[in-house]
Every structure is written in C-alpha cells, then in structure tokens.
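So the protein lines, in turn, are chains A and B. Under our numbering, think of the first position of the first sequence as 89, with each following residue one higher. Under our numbering, think of the first position of the second sequence as 89, with each following residue one higher.
Incorrect hints may have been included.
Given that identical chains are not distinguished, each listed pair holds provided it fits within a single copy or across any two copies.
[What the hints assert, rightly or not] 30 Å max Cα-Cα, derived DSSO-like pairs, lysine-lysine: (1) Lys-191 <-> Lys-285; (2) Lys-474 <-> Lys-447; (3) Lys-102 <-> Lys-474; (4) Lys-474 <-> Lys-158; (5) Lys-447 <-> Lys-285; (6) Lys-102 <-> Lys-447; (7) Lys-474 <-> Lys-128; (8) Lys-191 <-> Lys-474; (9) Lys-102 <-> Lys-128.
What the hints contain is simulated information worked out from the structure, not anything from laboratory work.
Protein chains: 2
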Amino acid sequence: MITYDMNMRGGMSKYEYLFQCIRRDIQSGALPPDFRLPSKRSLAEHLMVSVTTVENAYSMLVSEGYLYTKQSSGFFVCRRPLPPPQADEPEEEEASPYRFDFKANRCSLSLFPMNTWTRLMRQVLSRQDPVLLQTVPFNGLYVLRQAIAGYLYEYRGMSVSPGQIVIGAGTEYLYGRLLQLFGPHNVIAIEDPGYKKFADISLSYGTLWDYIPMDSEGIQTDRLKNSRANIVHVSPANHFPTGIVMSPGRRAQLIEWAGELSDRYLIEDDYDSELRFAGQPLPTLFSQDSRRKVIYMNTFSKSMVPSLRISYMVLPQPLMELYRSRLSFYSCSVSSFEQYTLAEFISRGYFERHINRLKRHYRRQKELFLAALGASPLAGVCSVQKSQVGTHLVLHMNTRLSDAEIKRRASELGLHLAMMSDYCRVPSLAHAGQAIINFASIDPEQISLAVRLLEDIFRADIDLKKSS
Amino acid sequence: MITYDMNMRGGMSKYEYLFQCIRRDIQSGALPPDFRLPSKRSLAEHLMVSVTTVENAYSMLVSEGYLYTKQSSGFFVCRRPLPPPQADEPEEEEASPYRFDFKANRCSLSLFPMNTWTRLMRQVLSRQDPVLLQTVPFNGLYVLRQAIAGYLYEYRGMSVSPGQIVIGAGTEYLYGRLLQLFGPHNVIAIEDPGYKKFADISLSYGTLWDYIPMDSEGIQTDRLKNSRANIVHVSPANHFPTGIVMSPGRRAQLIEWAGELSDRYLIEDDYDSELRFAGQPLPTLFSQDSRRKVIYMNTFSKSMVPSLRISYMVLPQPLMELYRSRLSFYSCSVSSFEQYTLAEFISRGYFERHINRLKRHYRRQKELFLAALGASPLAGVCSVQKSQVGTHLVLHMNTRLSDAEIKRRASELGLHLAMMSDYCRVPSLAHAGQAIINFASIDPEQISLAVRLLEDIFRADIDLKKSS
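I would like the entire structure built from these sequences, with the hints used as guidance.
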C-alpha cells in the first residue's frame with residue numbers, strides 16, 4: 089500500500105500534504121495510469137489519519153484531473169497528457185546581440201532609482217489598505233492622475249484637471265482607445281519621416297492615414313491642408329528622428345487648421361519633453377489651443393524605464409465626456425500597485441529629482457559623444473545636427489555608401505544602427521546618409537570605442553577625405 | 089537682492105539648490121511675473137558662488153518655463169497659468185457605498201499573499217538585472233509564459249508551448265487584440281444570459297455580434313447553427329451567472345460546429361476554473377479539440393487580485409503565426425516587474441498554495457452562507473442553485489416582487505445585488521426573480537447579518553408563506 093510519512097508535512101494540513109504526495113507519485117509515474125488507489129478507509133487506517141483527510145485529498149486529486157472514479161469501484165489514476173514542449177524561442181530573454189545599440193532608445197538600468205522604487209512599492213503594499221484591491225477607475229487612480237496634473241502644471245505649464253486624464257498601459261494602448269473614440273471614418277496625418285508605428289496601429293483599427301512631409305520647421309501645414317486628413321499626430325517639442333522643434337509659426341497654423349472644422353483634432357506626442365537640457369521650452373500645443381482641439385500624450389516609459397508600462401493622455405473636456413460615455417466600460421489596464429507607487433514617486437518629489445539626474449547624465453553623455461566625434465577623423469566626413477532635447481543626434485554623413493550598406497557594415501561591427509530613411513515612408517536621396525545616434529544606452533566609458541567602430545564603417549570616405 | 093542660505097542645501101548641488109529656491113519663490117508669488125532677476129555675475133558675488141552655478145540654475149529655470157530672457161536685458165519671471173482644478177470626482181477612491189456587495193466578484197484583501205508578493209517583488213527588483221529593463225517581447229516574458237504553460241499542464245491537462253501564449257493587461261485587452269486578429273468581417277456569438285461586456289468590446293471594434301440563448305446544458309448549438317455567427321465566446325467550466333457547466337454532448341457539438349468551416353472559432357473563457365471545489369473537471373475545449381479551432385483565455389484577476397492586470401490567451405499554432413505577422417508590433421502591455429514577480433510566484437509553488445487556500449476559504453464561505461440560508465425563513469421562499477465551481481450562487485426566489493423592485497429594496501438596505509435579468513439581452517419572465525449572490529467578498533462573521541438583510545427584502549413573501 090502507498091505510504092507517506094505524515095510527520096514530514098511541516099506546516100501543511102494533512103489532506104493537502106497527502107494530496108501533494110500522491111500527485112508527485114502520479115507525475116513521476118510511480119503510480120501508473122489506471123492504477124487503482126486504496127479505499128479511503130483502508131488508506132486512512134494505514135496512514136493513521138481520518139477518513140475525511142483521505143476523502144479531501146482524493147476529491148482534490150479528482151477535481152484536478154489526477155484521479156477518476158468508477159461508480160462504487162473506487163479511485164483510479166488518470167492518463168496524463170504529454171508535458172508541454174518548452175524548447176522553443178530559448179534565446180528570447182537573452183541580452184541584445186549588439187555591442188552598442190544606437191537604435192534602442194532606452195536609458196541604462198543604473199539610472200533607474202531601483203531602491204527608492206522598491207521602498208515605495210513595499211510601503212504601498214504593506215499598507216494592507218483595502219483600497220489597493222478595489223477595482224481601479226476606468227481612467228486610472230485618482231491619486232496618480234492628481235500627481236500627473238500637478239506635474240504638468242509645474243513643468244509644462246498646463247492647467248488640467250485629474251478628470252481629463254486617462255492612464256493606460258503604454259502609449260500604443262491609448263492610441264488604440266483614441267482611434268476607437270473617433271471611430272473609423274477619420275484620416276490620420278502622420279509626419280514623414282516620423283512615428284510610422286501609428287500607421288500600423290491605424291491599420292489594425294481600420295482607420296485610414298496619410299503621410300505629411302516635414303521640413304525644418306516641422307510638419308508642412310500647406311501639404312496637410314491639401315490632404316484628406318482630419319486628425320494629425322505631431323511631436324512639436326522634439327520630433328523623432330529629425331530632432332526638429334516645431335516653429336511658433338507652424339504651431340499657430342496647426343492650431344488654426346484644427347479650429348476650422350469640428351472633426352479636426354491634434355494629437356500632441358510630448359514623449360520626451362522632460363529631457364530638455366537648455367533653452368526656452370515652447371508651451372505645449374494643448375495649452376496654446378483655446379478651442380479644445382488638442383489631445384496631449386505622454387509616457388513614463390521614456391523618463392522612467394521602458395518596461396514600466398504607464399502612459400497617459402489628457403483630453404479636452406468635451407472629448408473626455410465622449411470617452412466616458414463610449415469607452416469607460418473598459419477597465420483600467422495598469423496594475424494599481426504600480427499606479428500607487430508612481431503616484432508616491434511623483435508627489436514626494438522623487439520624479440523631479442530623477443528627471444534632473446537624467447538630464448545631467450544625458451547632457452554629459454552628449455558632450456562626451458560630441459567630444460569623441462570631434463577628436464575622430466569622422467568629424468571630417470560628417471556634420472552633426474544638434475538639438476537641446478532628447479537623447480539622440482543625427483549624423484549627416486558625407487559618404488558614398490548606401491544606407492543599406494551602412495547598416496550591413498554596422499551590424500558586422502556589432503552596432504545596431506538606424507538611418508533616417510528607416511523612418512520615411514519612401515526612402516529618398518534627400519534623407520540618405522543620415523545616421524540616427526541614440527546615445528542614451530551607451531556606457532560613458534565605452535563612447536570612444538563606439539565612435540571608433542563608427543569610423544570603421546566610413547573608413548573609405550575618411551581615407552578619400554585625407555588624400556584629397 | 090534675493091538671498092538664499094547656500095549652507096542649507098544639504099546634499100544638493102549648488103545650482104540645483106539655487107534653482108529650487110528661486111522656483112519656490114516664483115511659485116509662491118514672492119517673485120512676481122515679469123520681475124527682473126539680478127544679473128548672473130551680481131547674484132554670484134552676492135551668494136558667493138561661481139557664475140557658472142547661477143548660469144546653470146537660470147538656464148534650468150528658463151528651460152522649465154519659470155524665466156524668460158530678453159536679449160541683453162536679462163532674466164524675467166514668467167506668468168504662470170492658474171493651478172489646475174483638483175476638486176472634481178473627490179469621492180472616487182472611496183470604498184464601496186454598500187454594506188454588502190453581492191455583485192462585486194472579488195476576494196477580500198486578507199487572502200492576497202501580500203507579504204510573499206512583496207518579498208518576491210523586492211527580490212526581482214534588487215537583482216539589478218539589466219534584463220529587467222529590456223523591452224519585453226510582444227507576447228510577454230518567456231519565463232512567465234513558461235510558468236503558465238507548466239501550470240496549464242499541471243492543473244488543466246493542457247499541453248501548450250510558451251510560444252502559443254500571449255500575455256496582456258487584462259482579458260478585455262486580449263479580446264481587443266483577438267477581434268483585430270480576426271478583423272471586422274466576423275460575427276461573434278455571445279451567450280445569453282452571459283458576458284454582455286463582450287458586446288460592448290465588439291461594438292468598439294466595429295465587429296457584429298449575436299446573442300445565443302443558454303439552456304441547462306450550455307449554449308444552444310442548434311440556435312447557433314441558425315445564426316450568422318462564426319466565432320463563439322463560451323465559459324464551459326463555469327458559466328457566469330448561471331453556474332452551468334457545459335455538458336459533454338454540447339461540447340462535442342460545439343467542437344464539431346467549429347470544425348465545419350475554416351473561419352469558425354471558439355473562444356474558451358476559463359476565468360475561474362481554478363476555483364473548483366469538488367467533482368471531476370471536464371477537460372478544456374482547447375485540449376478536446378484536435379482541429380486547432382479553440383482560443384483559450386484566462387486571467388489572474390480572479391485567482392490573484394482584480395487590481396493586478398495580468399491575463400493570457402493560448403492560441404492554436406496557425407493563429408499564433410497570424411498574430412505574429414499582424415499584431416506583434418504591439419508592445420506587451422504588462423510591466424516586466426510584475427511579470428517577473430508572477431513568474432516566480434507560480435514557479436516556486438506559491439500560486440498553487442494560494443489557490444488551495446482560496447478554495448478552502450470559498451468552500452467554507454459557501455457552506456456558511458448555505459447554512460445561514462437554511463436557518464433563515466428565506467429557505468421557505470427560495471431554492472438555491474448550487475454549483476461546485478466559483479464564488480457565486482443563484483437564488484430562485486418565489487416572490488411577487490419585480491427584479492427592479494428587488495434591487496431597489498436591496499440598495500435601500502445597503503446591499504449591492506444583481507439579478508439574472510441584468511445579464512440577459514432581453515429580460516424575460518423565465519429569468520425573473522433569480523438573485524445572483526457573489527459571496528466571495530463577504531466577511532464570514534457577517535454572513536448571517538447579510539442573510540437577515542436579504543430576508544427583509546422578501547418579508548412579504550415570507551409572511552405570505554407562513555400564513556398559508
């Protein structure tokens with residue numbers, strides 16, 4: 089008869105221990121399929137436990153598919169399915185295969201205030217406050233929306249109420265809700281070059297879109313006027329990847345355009361305005377516009393860490409009312425633990441300190457990178473387009489290499505490199521030879537090495553320059 | 089001249105301290121709009137700091153919109169916008185207004201393993217592992233999908249690979265992705281009564297749906313055949329709110345129906361199959377179906393805590409390949425911190441222990457509730473529909489009150505109560521007088537009081553019964 093030492097069960101209840109012992113033997117095959125178990129009574133006597141104990145263990149084993157019963161003839165071991173294949177995509181969690189990733193736009197782990205975050209998270213959890221487990225309002229926790237409203241007032245000069253804010257699991261998620269809010273019968277204008285992913289998102293929601301070219305002042309509003317688009321997505325504070333800050337004139341034109349028709353709206357993507365190093369910030373379109381036609385979008389993926397999926401949007405009051413009536417049935421998609429933690433992080437001033445730390449770090453990163461570039465022969469064959477915002481530079485290369493060839497050589501050298509043409513609808517000569525350098529994730533000690541590797545790509549151009 | 093005691097700055101750098109002092113005075117109004125600040129040099133001499141320190145502080149104040157410059161005439165205080173209104177929706181984070189909530193289907197905080205969770209979360213964060221900050225694969229962390237695959241094998245007898253699993257921020261989120269995967273030219277069949285929210289979700293994605301009535305065996309497959317629906321949403325393990333477990337015959341018919349046409353699919357919502365107290369579990373449709381037509385859905389909101397937004401779906405291989413090609417551009421919507429924590433929680437066996445604890449608790453809750461009901465005069469005017477799964481009961485009341493009247497009286501007594509008709513497309517007499525009792529969130533000590541309050545609703549029926 090099967091035998092288990094009930095004294096080995098530690099803190100476990102008898103029936104749970106028995107349940108686990110038998111299950112282990114079924115899994116290991118020690119108890120083969122269709123093996124008949126002893127009757128409850130006899131096993132109870134054998135193990136010197138109560139019949140109820142065995143009864144409970146057996147019924148749990150039955151309810152979890154380890155045992156089956158035949159009427160009045162006892163309990164038998166079920167056939168188990170094959171174990172699941174676990175061999176696929178084994179490399180998935182491995183680190184990036186690149187030595188230097190100029191494409192990934194993320195900060196290094198060392199900058200994330202892990203200890204503070206953990207402490208706050210622990211405090212939040214240990215409060216044992218029932219509110220923690222309450223279902224979160226559709227638009228996110230009030231305390232977090234309040235903290236964000238305060239932050240927007242302090243740092244972006246925006247006066248919004250917590251009731252206008254919707255918190256969601258990432259910007260893409262919020263774009264999806266927005267497209268649903270507007271419905272499919274709209275045409276989205278996307279900057280070219282620009283955030284091409286918005287085209288994928290629009291497609292997946294059955295919404296049409298149109299690319300509108302950029303010039304040095306930002307999106308070309310005259311081209312916009314001649315398009316069918318009625319909703320525009322722009323990043324006026326720091327356009328990626330061009331680094332262009334939209335000119336005041338262009339902003340005024342955009343706002344005027346939006347005001348002309350009731351179905352026109354602007355989506356302002358302010359994704360990394362926090363990381364402004366110097367110079368006077370232009371106000372947000374949201375606060376410049378008096379007709380309530382601007383939806384403001386921002387994320388903590390850039391300022392905190394990408395793996396923290398918390399973004400938010402600010403809707404003008406009329407749109408917010410529409411959102412409430414149409415989409416508030418959707419539950420909030422962000423864990424309340426992390427919402428409470430972030431709310432504390434912001435309202436206790438940690439976020440501000442963190443941002444200032446990031447700014448100092450990135451400013452230094454940029455200076456080091458520019459210095460290394462200046463000292464390198466690369467300087468002779470490229471011009472650097474600087475900007476006072478964000479964590480990337482554009483190198484205009486004076487090269488004979490095609491963008492494809494540049495990327496091929498880069499990846500041979502262990503560099504992950506994107507070119508301006510990657511962000512264009514149609515790669516054109518006008519955008520050729522422009523390398524996008526995200527320096528955020530490069531270790532300061534390694535910058536000169538990274539630049540030397542960039543040199544190797546353009547060796548021929550450098551030699552040509554020397555010989556001339 | 090403005091004066092600050094630089095010795096008060098603690099660990100702060102001089103320029104940051106100066107920046108914060110001046111900002112505070114601007115916010116307080118001590119430095120009014122258009123006030124002209126001292127020149128860098130003079131303030132530097134006055135405070136006995138370097139000019140660079142003042143320069144840095146001023147440029148930060150400019151870049152954050154506190155100061156503006158006039159060429160060669162110095163730095164001036166900006167006009168600040170009004171502080172944001174914070175007064176709206178003040179009650180939002182308050183606890184439920186009800187004494188007893190029979191509608192909310194959530195467990196009590198006391199059952200959530202807060203300490204274990206916090207400890208694991210702390211361990212995950214303190215690993216300081218760069219992988220923590222890596223962008224998560226579109227379908228979720230491999231370690232979590234691996235843990236889930238193992239769990240499904242152990243407890244649901246399902247043999248799936250981690251590569252078939254997609255993790256998302258809540259079931260609603262995953263339903264949205266599914267609807268996008270299938271595209272708008274499908275018709276969803278929704279059980280009636282049943283999960284009406286799926287109709288809202290379908291509407292928001294522009295997909296048509298049709299309600300298919302239930303009978304005691306589950307969804308009526310003959311009605312399904314005569315509908316235009318090609319995708320069916322069902323909860324075979326425990327239908328909410330009827331508590332019906334789908335019969336083997338009905339399952340076979342459903343699977344056959346799905347196999348007949350290439351565009352037919354079944355969505356199996358297994359939301360609370362973990363909470364089975366006794367009796368033999370029927371296998372999942374997913375594992376019964378050989379034609380790979382079943383999408384399996386499950387969530388941790390029910391088994392862990394609703395405010396933890398982690399759900400997952402298992403796709404048949406062909407659909408998974410389609411998902412990869414069409415929707416993998418969407419980033420994963422769940423924080424990697426919580427994904428790692430949950431993966432640890434499952435793979436170290438805490439999840440199993442937690443589930444067993446929940447089962448014991450809910451089984452006891454149910455016994456207590458049934459005992460209190462049996463001892464109450466209510467027993468004379470209602471019949472209880474029991475089930476071996478889940479955390480709710482259906483009371484079939486022998487009453488003269490309308491459902492609306494029952495709910496009105498309930499809320500007067502501080503009870504949050506839903507009726508079967510609330511989950512029906514069209515309230516019919518066949519579904520009248522059926523009260524849905526979610527006992528999960530009721531404090532065991534309070535059960536008899538809760539039952540006494542239920543009595544008061546049906547006092548007239550009870551007296552009538554006595555007098556007859």
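At most 30 Å between C-alpha atoms: does Lys-474 with Lys-128 qualify within a copy, between copies, both, or neither?
between (79 Å within a copy, 26 Å between copies)
Within a copy, between copies, both or neither: which one fits Lys-102 and Lys-128 at a CA-CA cutoff of 30 Å?
within (14 Å within a copy, 77 Å between copies)
Checking an output row: Lys-474 and Lys-158, CA cutoff 30 Å. Within, between, both or neither?
between (78 Å within a copy, 24 Å between copies)
Pop the pair Lys-102 and Lys-447 into one bin, within, between, both or neither, using alpha-carbon distances up to 30 Å.
The answer is between: 16 Å across copies meets 30 Å, while 59 Å in one copy does not.
Are the CA atoms of Lys-191 and Lys-474 at most 30 Å apart within a copy, between copies, both, or neither?
Within one copy only: 17 Å inside, 58 Å across.
Go through the copies and call it for Lys-447 and Lys-285: within, between, both or neither, with a Cα cutoff of 30 Å.
Within one copy only: 27 Å inside, 45 Å across.
Is it within, between, both, or neither for Lys-102 and Lys-474, if the alpha carbons may be no more than 30 Å apart?
For Lys-102 and Lys-474, only the inter-copy Cα distance (28 Å) is at most 30 Å; the intra-copy one is 70 Å.
Between the shortest in-copy and the shortest cross-copy C-alpha distance, which are at most 30 Å for Lys-474 and Lys-447: within, between, both, or neither?
within (16 Å within a copy, 61 Å between copies)
With identical chains, the pair Lys-191 and Lys-285 could be close in the same copy or across copies; at 30 Å between alpha carbons, which is it: within, between, both, or neither?
This pair counts as within: shortest intra-copy Cα distance 15 Å, inter-copy 40 Å.
Of the numbered hints listed earlier, not one is contradicted by the structure.
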